[in-house]
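Trainee: This is what each chain is made of:
Protein chains: 2
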Amino acid sequence: MTATARLTAKGTATRARIVAAAADLVLARGVGGTSLDDVRAGTLTSKSQLFHYFPGGKSELVLAIAELQMQRVLQAQQPYLETLDTWAAWDGWRDALVAHYASQPHQGCPIGTLVSELVGTDPTAAAEVVGHLNRWRAYLRDGLTRMHEAGLLRPDADPDRLALATFASVQGGLLLSQALQSVEPLSAALEAALAALHAAAPDGQAGTAA
Amino acid sequence: MTATARLTAKGTATRARIVAAAADLVLARGVGGTSLDDVRAGTLTSKSQLFHYFPGGKSELVLAIAELQMQRVLQAQQPYLETLDTWAAWDGWRDALVAHYASQPHQGCPIGTLVSELVGTDPTAAAEVVGHLNRWRAYLRDGLTRMHEAGLLRPDADPDRLALATFASVQGGLLLSQALQSVEPLSAALEAALAALHAAAPDGQAGTAA
Chain A
1 MTATARLTAK GTATRARIVA AAADLVLARG VGGTSLDDVR AGTLTSKSQL FHYFPGGKSE
61 LVLAIAELQM QRVLQAQQPY LETLDTWAAW DGWRDALVAH YASQPHQGCP IGTLVSELVG
121 TDPTAAAEVV GHLNRWRAYL RDGLTRMHEA GLLRPDADPD RLALATFASV QGGLLLSQAL
181 QSVEPLSAAL EAALAALHAA APDGQAGTAA
Chain B
1 MTATARLTAK GTATRARIVA AAADLVLARG VGGTSLDDVR AGTLTSKSQL FHYFPGGKSE
61 LVLAIAELQM QRVLQAQQPY LETLDTWAAW DGWRDALVAH YASQPHQGCP IGTLVSELVG
121 TDPTAAAEVV GHLNRWRAYL RDGLTRMHEA GLLRPDADPD RLALATFASV QGGLLLSQAL
181 QSVEPLSAAL EAALAALHAA APDGQAGTAA
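As they're listed, the protein sequences go chains A and B. The UniProt record's numbering applies: residue 1 is where the first sequence begins, and numbers increase by one. The UniProt record's numbering applies: residue 1 is where the second sequence begins, and numbers increase by one.
These are calculated hints, taken from the structure and not from any lab test. In this text, a Cβ means the ideal position worked out from N, Cα and C, and glycines have one as well. Fair warning: there could be bad hints in the mix.
Now the in silico label distances, taken between C-beta atoms and shown as ranges [to be verified]:
| no. | chain 1 | residue 1 | chain 2 | residue 2 | range |
| --- | --- | --- | --- | --- | --- |
| 1 | A | 12 | B | 134 | 42 to 52 Å |
| 2 | A | 40 | B | 28 | 26 to 36 Å |
| 3 | A | 79 | B | 135 | 39 to 49 Å |
| 4 | A | 82 | B | 203 | 28 to 38 Å |
Some chain A residues flagged as far from chain B (calculated, every beta-carbon gap over 10 Å) [claimed, not checked]:
| no. | residue |
| --- | --- |
| 5 | 8 |
| 6 | 9 |
| 7 | 13 |
| 8 | 17 |
| 9 | 20 |
| 10 | 21 |
| 11 | 42 |
| 12 | 52 |
| 13 | 59 |
| 14 | 75 |
| 15 | 76 |
| 16 | 78 |
| 17 | 91 |
| 18 | 138 |
| 19 | 145 |
| 20 | 156 |
Based on the provided sequences and hints, a complete structural model is requested.
Mentor: If you want it as structure tokens, here you go:
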């Protein structure tokens with residue numbers, strides 16, 4: 001972090017270029033399957049350059065990749081992500097996510113897959129990546145909390161638990177989309193997730209748009 | 001496969017012991033984070049012994065691990081997995097899965113995490129592991145198909161797509177349970193998945209037990 005703060009504008013651009021290229025490598029081969037030598041070869045960077053930009057080594061590079069992937073995936077869900085307090089916004093969010101991944105169903109969730117790889121090998125990095133997942137999930141929870149307060153969800157509905165379940169559908173849908181090389185699992189998972197949310201609406205309101 | 005067929009009873013037991021120990025290593029550190037040297041050290045096996053039991057090398061070992069993990073997870077879902085054609089069986093299935101993972105929430109799905117690691121590094125092995133996922137998913141689809149035929153799901157419901165969504169909830173719930181070190185994500189995900197299935201029941205039957 002200190003190192004990043006001290007970079008020139010040109011240095012910052014070079015670092016960003018390395019992170020973007022390394023992100024593609026890790027996406028294709030996993031953290032375990034991508035060595036720093038692979039990154040050097042793939043980004044035409046020297047060993048000392050790589051050390052200059054990432055003095056913390058592979059962990060620091062992996063965290064920069066996670067940060068980049070997180071920015072990308074949050075961006076793809078805008079403007080819906082911050083306004084998930086109407087049924088129409090949830091529909092828009094679902095469509096935006098499906099559209100984003102329809103062009104790259106083979107990728108899975110770049111954040112979710114990092115977690116399962118890092119949990120056993122680099123717990124500190126894993127905890128930071130879990131922080132990204134929680135940040136993403138919080139948008140869903142905040143929207144559902146506002147819907148709960150507005151009476152769009154039943155009084156006994158639990159916005160936290162509903163957000164957790166909805167986010168699990170996103171992650172599982174992406175994992176299966178990667179496995180089956182098709183966006184259909186994500187699409188089916190989000191459709192069911194929204195059906196479960198509608199089932200938590202007050203009786204008689206389940207199908208209405210807010 | 002040929003090598004396995006030629007093993008003595010004692011050899012088969014030794015091979016199974018190596019697979020079980022290696023499965024724990026891979027679960028903890030991922031495929032990328034586990035070398036054959038790690039497996040040798042962790043199982044007190046010599047290089048030539050390991051080659052004797054796994055002439056196909058790491059890929060063959062990883063596939064044996066996937067097979068073992070698949071047997072375990074299918075076993076944990078019995079007897080419900082083969083009778084998922086009543087709402088009561090779905091409830092029993094959910095409870096069995098949650099109980100199985102409540103004791104080991106840190107593990108995630110040993111099959112699902114393998115897929116995301118192998119897709120980029122070993123496509124042949126990845127395809128075999130995806131076959132396991134499809135075998136697991138087929139149990140859900142078969143139950144839902146029978147429910148559809150019996151009129152427990154609406155005529156316009158799509159058992160294939162519902163099974164895909166339910167399975168995504170399982171996988172995403174396990175991924176988040178691993179990330180958050182708690183079984184709650186899996187429990188919340190399965191509760192919502194069953195709510196979505198109930199929402200596909202004929203009007204007025206949504207809450208009834210079959």
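Trainee: Would residue 59/A pass as off the interface with chain B, using Cβ distances and a cut of 10 Å?
Mentor: The assertion about residue 59/A holds, with a minimum of 13 Å to chain B.
Trainee: Evaluate the condition: distance from the CB of residue 156/A to the nearest CB of chain B exceeds 10 Å.
Mentor: Correct as stated: the minimum Cβ-Cβ distance to chain B is 13 Å, above 10 Å.
Trainee: Measuring from beta carbon to beta carbon, are residue 40/A and residue 28/B in 26 to 36 Å?
Mentor: Roughly 29 Å apart at Cβ, these two residues keep to the hinted range, so it holds.
Trainee: Holds or violated: is the Cβ of residue 21/A farther than 10 Å from all Cβ atoms of chain B?
Mentor: holds, 15 Å
Trainee: Check the following: the C-beta atoms of residue 82/A and residue 203/B are separated by a distance inside 28 to 38 Å.
Mentor: holds, 35 Å
Trainee: Taking C-beta pairs only, is residue 52/A more than 10 Å away from all of chain B?
Mentor: Given a closest Cβ separation of 26 Å, the condition holds.
Trainee: Taking 10 Å as the cut and beta carbons as the points, is residue 20/A off the interface with chain B?
Mentor: holds, 17 Å
Trainee: Any Cβ of chain B at or closer than 10 Å to residue 75/A, or is the non-interface label fine?
Mentor: Residue 75/A is indeed farther than 10 Å from all Cβ atoms of chain B, at 21 Å.
Trainee: Confirm or reject: residue 145/A is not an interface residue toward chain B, with every Cβ-Cβ distance exceeding 10 Å.
Mentor: holds, 15 Å
Trainee: Does the no-contact call for residue 17/A survive, Cβ to all of chain B over 10 Å?
Mentor: Holds, since 22 Å exceeds 10 Å.
Trainee: Since residue 8/A was said not to touch the interface, does its Cβ keep a gap of more than 10 Å from each Cβ of chain B?
Mentor: Since the minimum Cβ distance to chain B is about 34 Å, residue 8/A lies beyond 10 Å and the statement holds.
Trainee: Please check whether the beta-carbon of residue 76/A is more than 10 Å away from every beta-carbon in chain B.
Mentor: At about 18 Å from chain B, residue 76/A clears the 10 Å cut-off, so the statement holds.
Comparing the model with each earlier hint shows no violations; every hint is respected.
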